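2 protein chains.
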Amino acid sequence: MAFSGEDELVLLPLGGAGEIGMNFNAYGFGPPDARKWLVVDCGVLFGRETDTPGVDVIMPDIRFLAERREDVVAVVLTHAHEDHIGAVGYLWPQLRCPLYATPFTARLIQDKLEEAELQDRVRVNVVPLHGKLSLGPFAVEFLSITHSIPEPNALSIRTPLGVVVHTGDWKIDPDPLIGETTDENAFRKIGDAGVLAMVCDSTNALVQGHSGSEADVRKALTDLIGTLRGRVAVTSFASNVARLDTIAKAARVHGRQLALVGRSMHRIVAAAKDTGYLKDFPPILAEEEAERLPPNRVLYLITGSQGEPRAALARIARNDHPAVTLGPGDAVIFSSRIIPGNELAIFELHNQLSALGVEVLTVEDHFVHVSGHPAREELSEMYRWVRPQIAVPVHGELRHMSEHARLAKSLQVPQAVVVQNGQMLRLAPGRAALVDEVPSGRIHMDGRVMVEEGLGLARARRAMGFGGLIAVMIPLDPKGRVAAEPALLLEGIPEAIEAPVREALDGALRRYNPKHDDEETLRESVRRAVRRAAADAWGKKPVTRVTIVRV
Amino acid sequence: MAFSGEDELVLLPLGGAGEIGMNFNAYGFGPPDARKWLVVDCGVLFGRETDTPGVDVIMPDIRFLAERREDVVAVVLTHAHEDHIGAVGYLWPQLRCPLYATPFTARLIQDKLEEAELQDRVRVNVVPLHGKLSLGPFAVEFLSITHSIPEPNALSIRTPLGVVVHTGDWKIDPDPLIGETTDENAFRKIGDAGVLAMVCDSTNALVQGHSGSEADVRKALTDLIGTLRGRVAVTSFASNVARLDTIAKAARVHGRQLALVGRSMHRIVAAAKDTGYLKDFPPILAEEEAERLPPNRVLYLITGSQGEPRAALARIARNDHPAVTLGPGDAVIFSSRIIPGNELAIFELHNQLSALGVEVLTVEDHFVHVSGHPAREELSEMYRWVRPQIAVPVHGELRHMSEHARLAKSLQVPQAVVVQNGQMLRLAPGRAALVDEVPSGRIHMDGRVMVEEGLGLARARRAMGFGGLIAVMIPLDPKGRVAAEPALLLEGIPEAIEAPVREALDGALRRYNPKHDDEETLRESVRRAVRRAAADAWGKKPVTRVTIVRV
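In the order they appear, the protein sequences are chains R and Y. Residues 0 to 550, numbered by numbering that gives the first Met the number 0, are exactly what the first sequence covers, in order. Residues 0 to 550, numbered by numbering that gives the first Met the number 0, are exactly what the second sequence covers, in order.
None of these hints come from the bench; they were simulated from the model. Heads up, a few of these hints could be off.
Copies of the same chain look alike in the list, so a pair counts if it fits in one copy or across any two.
With a Cα cut of at most 20 Å, we get these calculated EDC-like pairs of lysine to aspartate or glutamate [stated by the list, open to error]:
| hint | residue 1 | residue 2 |
| --- | --- | --- |
| 1 | Lys539 | Glu452 |
| 2 | Lys111 | Glu81 |
| 3 | Lys539 | Glu451 |
| 4 | Lys539 | Glu307 |
| 5 | Lys539 | Asp55 |
Note that the structure is predicted; figures quoted are calculated from it, not measured.
Chain R with its partners taken away, still in its complex shape:
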C-alpha cells in the first residue's frame, strides 16, 4: 500500500482473467482507503460436467466489492453475451448500483432482471451508441466496435491519471453486415492523445492471421444452402443476429420459408426487432406449418449447436421433438464453432443425425462460420492504433493471456502485465505493479443455490461419481451395544464388492467393545475397515460415511 493518501488508478479483475467467461473487471480510482469503483461487465461461465458436475452456471465471487458497495458508482455492460451480462440477475443484489448499457444490450439485461424478479428495484440506464457518461471520477465513452452480436462496445475510461481503453470483445471486419465497423480513426485519435493502458480480449491470441468477415460467410452459406435439396436446418449462436439475418436472406434467395426452432432464437429475434435490427426479416413460419411444406421449401433456424441435450437440435436428433423431424435427404449446417469441452456432446449429435440419414455440414469442410474475436493480426493492428503504455490481457485462460502479453511486447508496448482474478494492478502513478490481492474466487449456481467453489460441493459429488458411496448406519442401545444389524448402503459400486465390505463391517463390530470404545472410535474403525475392504476388492476408494443412531 504505497502512496497512501495519494490518488491511484487500479484495475481489479474478479473474473475473466484466467477463463474465457464470467468477465468482471473493476476500475478503482482514489487513495487506497477511499477508492471509487467502476465495474465493467458482469458475466457467467458455464459449468462443465467433468470439473463441476451438476453446476450449470459459475460466476465471480465479488465479496470485496459487495463490502464497499457504497463506493461502486456503476456497472457498465459492454455487450449482451452471457459471459458479459449473465450474472447481473444473480449479483446485482450485492451491489445495488446503477446499470448502463446500449439499447440492444439493455433490452436483454431487462429480461434477466425480470427473471430474477428485480425489475421493480432496478432498471437499466440506456446509453446511446457513442454515448458518454460521467460516473464519479470516471469519464466513460462508448466506442463502437465489431463482434458477433449487435452493439458491441469498447470503452474509453478517462481519469485524472490517464486514459484506459477497455476493448470488450471485438474483431475487425470491413463488412460486419449489422452494426458498425471497428472505428480505426476513433482508436487512432485516442492513441494520438496518449493512452495509459489497454485492457484487451485474449480469446484468439493463439490464432494466427485474421478472424474473417461475416460478409464472406454470407456468401458461402448462401451458396451452400443452394446446393441442398431436402429440408435444411441451420444451427448457430442465437445472439449472432447478423448470422440469423444471413440465413434468413439465404432462405429467401432459394425459395425457402423460415421457421425458428428453440426459445432463444425467438427471444433474440424479438429483442433485435424491438431495438431496430432485422427490419426486413421475413415472416416466420410456425414449426407445424413448416413441417407441411415440401422439403426444399423450408429452412429451420435452430438452437443447440453446442450439443446441449435439452436444446431443439438434440431433441430432433433423438427423434423427440414435438414438431420437427429430419431424415434421409435432409441436412444440418453447424454455422458455429465448437466451444472447448463440448466436443463429445457435439460429435454425439453428429452421430445421431447420421443415424437418421441426415447430412451434417460443419466448419471443418465448409466456410460457414467466423470468430467474433481478434486473431493475432487484428490484435497487432489495434496495438498500432492505440499505442498504450501498458497492455493488460484479459478474457482468456493463462495460455491465451501469456501469449497475448508476449505479442504486445513484440509490438513495443513498454509494459505487458498478466494479472489473475483478485490481483489488484496499479496502472498509475508510476510503473504498473501488482499492489494488492483481494478475496476472489468462483461461485457456483448449484441448482438454485449459490455455493462457493472453495467449499468443494461439486468436488464432493465428483468423488462419488468416480468411486461411489458406502453409507453405514449403526443402531446402538443406551449401553452402547449394537442394537441390531446395521444398515449398509452401497451406491454406484459393483455387486461383487458388497460381500467383502459386509465382512469387514462385521469384523469391525466384533472388535468393538462398548465398555472401552466410544462412538467416535467405533465410527472411525468401521469407516476404515469398510473403505479398505472396498479398495482391496475393487481398486477404488468409495466415499464412506458412518452414522450412529442411539435407540
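Since chain R is already given, all that's left is putting chain Y on it; use the hints.
Leaving out everything else, chain Y in the frame of chain R:
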C-alpha cells in the same frame, strides 16, 4: 437364417463399428449352425469422465463368441495400438484360442499377458512380416502397410466364397521412416484378382486431402528444435517409434542429449530395440543426469500429451515431478494431436506450463504431427487399387462410417454397408445383407471389476455426481414404531437444503401410522417427501435411498 446348411461368409463387428476404439471384428465361415470364426483385433476404448466416470477402460462384450469358443480358430492382431490389442489380457480367458501377430506387436502383447498372469497359459504365435497362415477355412496373408507404429498390417482373408481385404489402421506415406510403405502393387494385384469386400479404417473419413508424411514432420521438428535455447521437452505418443527416432535424431543434430521421462517411453523403446528397430538410437541419459546439463544441451522425450493427470508431463507442469523441472526459457512441444474429449485436460496443462513461464508449441502453429489414418484422398486411392464389390466402413463413429460409405459409393463401389456392433453382415453368397443381430455391448473395467455397461453402474454414479445423494435410515421397534431419530445423510448437497429435507422427513414420519402402514409404505412415503423437498428447495433431484432397520 436363409441358406440353412449352405456355406456363408459373414462379418460380425463386436467393437469399433460405432466408436474409434475397442476394435474387435469376427469373420465367420460355414453354414449358419456350424461356423468357424476368425477374430481380428481385440482392443480397448478409454473411458471418459463425462459418460463413464470412474471407468478407465472399456471393452466389447464378446459373450456370443465366448459361447462358441470351440469354433474360434484364432485371434489375429493387426498392430500394437491399445485399441487393437489392449483387451487381450482381459478377454483371452473367454476365448482361449491361439493368438497371432508380427514380432513387435507380439512383444507388446506378451507384456499384457504377463500383466494378466496369463503367460503360462498362452504365448503369442509370431508371424513374420508378409507371413501367411491357414486358420480353419481362412487363408490369411499379412500385407505391410504404413501407420503410426511399427509393423502395421492389413490382412487378405481368403475363403472359398471370396477374398476380404481387412485394412487395419493405415495411411499412405512415401517416406514413413520406419517400416515399409503401403504396398500399392500388392493391393493392385489383389484387386486385379477380384476382391469381395474391403473392411476399412474410417477414422479420418471426414478429413479432406492427405494425412502427410512422417519425413516432413522430421524436417520441421528438427528445424523447430534448432530455434530453441532453453530446455526442450517433446511429448508424443510413445508408440510412434518413427517419431521417437526423429526426436532423438533432432537432439543429436542440435547437440542435445536425450532423456526419456515416463514409463511407456522406456517400455516402447525397449520393445522396439528388442525387435530390431531404433538400432542407432542414442544413449539415454538418466533424468537426474539430464537435470545437471546446461538447458541447451538436453532434450526430454516425455509421456502425457493427452493431459493424463498421472503422466510425467502433468506432474512436471504441477511442479510435482521428482527429477525434472521446467521454467522460463524452456519449451514443451506437443508432437501429437488432441484426442477428442481430452481438450480441457490438455488446455489446463498448457495453462499450467504457461504459469511456469514455459513456452508451449503445438500442431496449431507448427508442423509437428501427422495423423496415422487415411484422409479422403488416401481412402480414394485404396479403393482404386482394391476395387472391392462391397465396402464395409469400420473403426469410426457413425458419422465417420456414414461419410466413408458415401465416399465409397461415389467411387463406384457397388455396395457400401454401414454396420453396427452386434450386427451380422453376410458378405457372400448373394448381395451383402444384415442377416442377424447377436448380443453385444460394452464391458467396463470398473476399478478391477468387469461390469456390463447395461447395468448402469457408471450412470448411477453420474447421477450422484449431478444431484448428490440423500440416505435416510429409520430404526423401527418390534411394533413398527419409529424407535429413535432417523439418521439423515446428505452428500454433495448444499447445507441450506438440509433443513427443508429434515422437515419433510419429520412430516412423513408424523403421517406414518404403524398400525396401518407397512414398511414399504413408510419407505416410499419418506423417499418421495424427502426427494420432493430437495427438488423444491434446490432445483435438483438427488439420488434418494431409505433403509429401515429393525431394532
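Against the structure, the hints:
1. Lys539 / Glu452: between (25 Å within a copy, 18 Å between copies)
2. Lys111 / Glu81: within (10 Å within a copy, 50 Å between copies)
3. Lys539 / Glu451: Classified as between; 18 Å across copies, 28 Å inside a copy.
4. Lys539 / Glu307: Close across copies (18 Å), not inside one copy (31 Å); limit 20 Å.
5. Lys539 / Asp55: Result: close only across copies, 11 Å inter versus 28 Å intra.
Going through the hint list in order, the structure satisfies each hint without exception.
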